[in-house]
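With the hints as your guide, set chain B with the ligands onto chain A.
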Amino acid sequence: MEHYNMNLTLKVWKQKNSTAKGNFETYQVKDISSEMSFLEMFDVLNEQLITDGKDPIAFDHDCREGICGACSMYIDGRAHGPWSKNTTCQLHMRAFKDGDTIVVEPWRAAAFPVIKDLMVDRDAFDRIIQAGGYISVNTGNAVDANSLPIDKKDADTSFDAASCIGCGACVAACKNSSAMLFVSAKVSQLALLPQGEPEREARVLNMVAQMDKEGFGNCTNTYACEAECPKGISVTNIARMNREFLKAGLSTEQ
Amino acid sequence: MSLDSKIPAGEMDKKWTDYKGHVKLVNPSNKRKLEVIVVGTGLAGASAAASLGELGYKVKAFCFQDSPRRAHSIAAQGGINAAKNYQNDGDSVFRLFYDTVKGGDYRAREANVHRLAEVSNNIIDQCVAQGVPFAREYGGLLSNRSFGGTQVQRTFYAAGQTGQQLLLGAYSALERQVALGNVIMYNRHEMLDIVKIDGKARGIIARDLVNGTLERHFGHAVLLCTGGYGNVFYLSTNAMGSNVTAAWKAHKQGAWFGNPCFTQIHPTCIPVSGDHQSKLTLMSESLRNDGRIWVPKKKEDNRKGVDIPEEERDYYLERRYPAFGNLVPRDVASRAAKERCDEGYGVGTTKMAVYLDFADAIIRYGKIEAGKQGLENVSEADIIKMGKGVVEEKYGNLFEMYEKITGENPYEMPMRIYPAVHYTMGGLWVDYELKTTVDGLYALGEANFSDHGANRLGASALMQGLADGYFVIPYTLGNYLADDISTAAIPTSHPAFEEMEKAVSDRINQLMNIKGKQTVESFHKRLGKIMWDKCGMARNANNLQEAIVEIQALKKEFWSDVKIPGDVNEMNPELDKAGRVADFIELGELMCKDALNRNESCGGHFREESQTEEGEAKRDDENYSFVSAWEYKGESDWQLNKEPLTFDIVKPTQRSYK
Ligand SMILES: Cc1cc2nc3c(=O)[nH]c(=O)nc-3n(C[C@H](O)[C@H](O)[C@H](O)COP(=O)(O)OP(=O)(O)OC[C@H]3O[C@@H](n4cnc5c(N)ncnc54)[C@H](O)[C@@H]3O)c2cc1C
Ligand code: SF4
Ligand code: FES
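Line by line, the protein sequences are chains A and B. FYI, my numbering numbers position 90 of the first sequence as 90, with every residue one higher than the one before it. Add 1000 to a position in the second sequence, counting from 1, and you land on the number used in my numbering.
In isolation and in its complexed conformation, chain A is listed as follows:
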């Protein structure tokens, strides 16, 4: 792969804490290699800021391999930036060219308040899982793993839904800040498995109720979530959850 160096202008959201008012700051970075990751470019900028006695930019990250779901930057108007099916940490500077200006913001959603700069509070997602994103099986209660064969197709579809990394890009991408893609991924994963059957109805009702309580918006089928989801979680999960929800609602009313 040919590599090249570039100079860039960055406009980055700075906000001291959740109550402070934020604003965009402009920074220049020089000699950025096309082989760097986007976060390594931020590392370079932060080192420079610290050396100059300025305040570095706070952002969430950990694995830097697209799996922990911590990184969360809204880059040039897109959650996780210009590459599709990709996380911020896996975005590489090959995506940009010399002289570009890049605008970087945090996830913006009422349910995800800013903690500092590009870091937001996503505890709402944990609370949705607490509402029912599990199978109630205490340690030691399990039967032999192969005692219950599962159709490979269902197992694979369940796995696809389970690959959600809980990053929140779907919420950030949605004009209504809806969390439907995230919630439906977990509901689908468990609804597709026989082990999830006993709690199937209560699960979807409780998780949706918690989602509403957290202040996420409604889904109006624009599919921006699917387009920006780094793991390619499909909106068919939303359709499945809607069916589950209706069915559960009907049977609990009886």
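In case anyone wonders, no lab produced these hints; they're calculated from the structure. Be aware that one or more of the hints could be misleading.
Think about it this way: if two alpha-carbon atoms lie no more than 27 Å apart in a straight line, the pair counts; the simulated DSSO-like pairs of lysine-lysine are [as the list claims (entries may be wrong)]: (1) K1388/B to K54/A; (2) K16/A to K1577/B; (3) K1563/B to K54/A; (4) K1388/B to K14/A; (5) K30/A to K1517/B; (6) K1563/B to K152/A; (7) K1577/B to K1618/B.
On the chain A side, residues computed to face chain B include the following (Cβ under 7 Å) [what the hints assert, rightly or not]: (8) P113; (9) N138; (10) N146; (11) I150; (12) F159.
Every residue, glycine too, gets a C-beta built ideally from N, C-alpha and C.
Frame of chain A; chain B with the ligands shown alone:
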């Protein structure tokens, strides 16, 4: 103090059953009065916190990420071992036990490893029951694959995301206990020290990372499930936040450190591309099921990999180790790659890489696929196309990750790979009950030293983390707490808490007040370079002695010239990192001392002075068949204690994978 590993008496395969049958129990109403602190909620911590919550203990769990779902365990790719023998290929608890002891180059405790193999099957059952979507065959039953160092297929997996699926399973069990009120979860919190009262661990001081406040938390017992310390090398496959601080603080308060120098260098990682590199990315060992590793036969061959004809390639692992071929254990594969590159056969621009090639596998799978579909006279292009489809199903996410990072398409040209720091077998010394040398303080998962000896086999860390959390600690902790049922919760106004909070606060202020000129990151990089160059894949006495001096100097420089921006009472990632790097520096010194002391080669620890004529690691069982348990005495001062290792079942021999 002497080391008592508390291995139960009796036959190897009865020890754990006997232990469970005779262990002290805590009745349900007493459990409700007992508080347990679990630091870390990766596989080990989340499974422990959930299981203890289910039992009725009052649990407080801590992690520094914004959610327990983001622990480093999430990144594990390849799989988890269990002795199910679903493939009918001759596996058994005994064989898993045997392979693990041998794979660890006879530096692990037999009884622990046997227990691990015994509970391995329960783990798979538990995970499936939780809804972990493991890979399945068309018949609906679970699928398996092979990992290095074994000749059976015992690895369960979920594409290249096994750690993610297992952690999400444990996380959901944990969140369920949070919802039930049995566990209180503190995320974005970092434990900065333990609090001891009358010699027992009775709590921790934690810092709320969002606002910088120090908090005191009481527990009848404290469990450290805080992961490994591979980031002492700066560059590793670990997540950026992985650190040794929790274990190190415990060490300085009396928990001995076991085998600190035992580090695993993983053979297949994406090579370093430049100075900006912040971490290294693993390409799962599962790729060695199908990928063939080679370098050109000619030195400094600058042709592209695909342009080098078959007869001019050296498949050096297949050549040197015909019995295991590309599936030799990690330490062996890593050293072999280093050897080829050091001799000048490396590839790529840096010449510090070897090829991992799927061309043969693509054709092989393509032919099988054509056969399955009953096609005849299939063109080579079609075979390749079908083969790529199969390879994509098996390893698609890894290939995609490779392409994102390198910009090269691994379906078309061989991957370039090189060894990188990956895992630490060393950790806090624990006895059979997972208790450290501090009463009431336990260590689980990668944070302890216990099961992998000098080299961990692939897919065994996930197994160990979940074994410790789901199936071991619920029994062994009860054995300790049964004697503690009349101890009332100690108020955190106790002077021990006060003193410790002050000590933690003083250290933070000291760091902030240095106001030097060099960044935290720059110190971490320098430490990493010393460690990699002198305490990495090959070690010798000279280098290690030099490294110790260099690290001591680096420590001085750090404490007089580090520059930390911002304030204490706010979200300040640089301050968090500074504390961790300060601890890594001290650990680095101990690792070098341990490596220097162990004048033998074993597993991942390769002392150049101790090798066979063929360049293989040469153990010295007569002098080094022990666990090094280092006791902290004061600054740069440790005392070595030894736990002798005895092998009743698996008799140590020169490991051979030929
Ligand atoms: C890229 C990669 C791939 C791997 N693939 C495999 C595989 O296929 N199979 C396999 O068996 N193993 C694999 N491993 C190894 C395995 O993933 C780890 O050894 C294992 O997951 C460690 O689990 P753990 O629970 O001990 O620690 P971790 O998952 O590292 O969790 C540590 C926890 O401690 C918390 N913590 C740490 N310090 C503090 C503190 N001071 N205060 C509060 N909280 C703290 C963290 O927040 C986190 O919750 C892989 C490792 C890597 C790096
Ligand atoms: S559904 Fe996709 S975008 Fe939403 S949290 Fe999951 S991985 Fe992120
Ligand atoms: S840092 Fe983990 S997904 Fe980006």
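Here's how the hints hold up against the structure:
A C-alpha spacing of about 50 Å is found between K1388/B and K54/A, which places the hinted pair above 27 Å, so the restraint is violated. At most 27 Å may separate the alpha-carbon atoms for a hinted pair to count; K16/A and K1577/B meet this at roughly 19 Å. Annotation: proposed proximity of K1563/B to K54/A holds, straight-line Cα distance about 11 Å (limit 27 Å). This hinted pair does not check out: K1388/B and K14/A have alpha carbons roughly 46 Å apart, beyond 27 Å.
Distance hint between K30/A and K1517/B is fulfilled; the C-alpha atoms sit about 21 Å from each other, no more than 27 Å. Restraint check for K1563/B and K152/A: the C-alpha separation of about 55 Å exceeds 27 Å, so the hint is violated. At most 27 Å may separate the alpha-carbon atoms for a hinted pair to count; K1577/B and K1618/B exceed this at roughly 38 Å. Against a cut-off of 7 Å between C-beta atoms, the interface hint on P113/A is violated, since the closest Cβ of chain B lies about 11 Å away.
The restraint placing N138/A at the interface with chain B holds, with a minimum CB-CB distance near 5 Å, inside the 7 Å limit. With a least beta-carbon distance of about 5 Å to chain B, the hint placing N146/A at the interface is held under the 7 Å criterion. Interface hint status for I150/A: upheld, as the beta-carbon distance to the closest one in chain B is roughly 5 Å, under 7 Å. Contact between F159/A and chain B, as hinted, is supported at the beta carbon level, the nearest pair being about 4 Å apart and thus within 7 Å.
In this structure, the earlier hints numbered 1, 4, 6, 7, 8 are contradicted, and the remaining ones agree with it.
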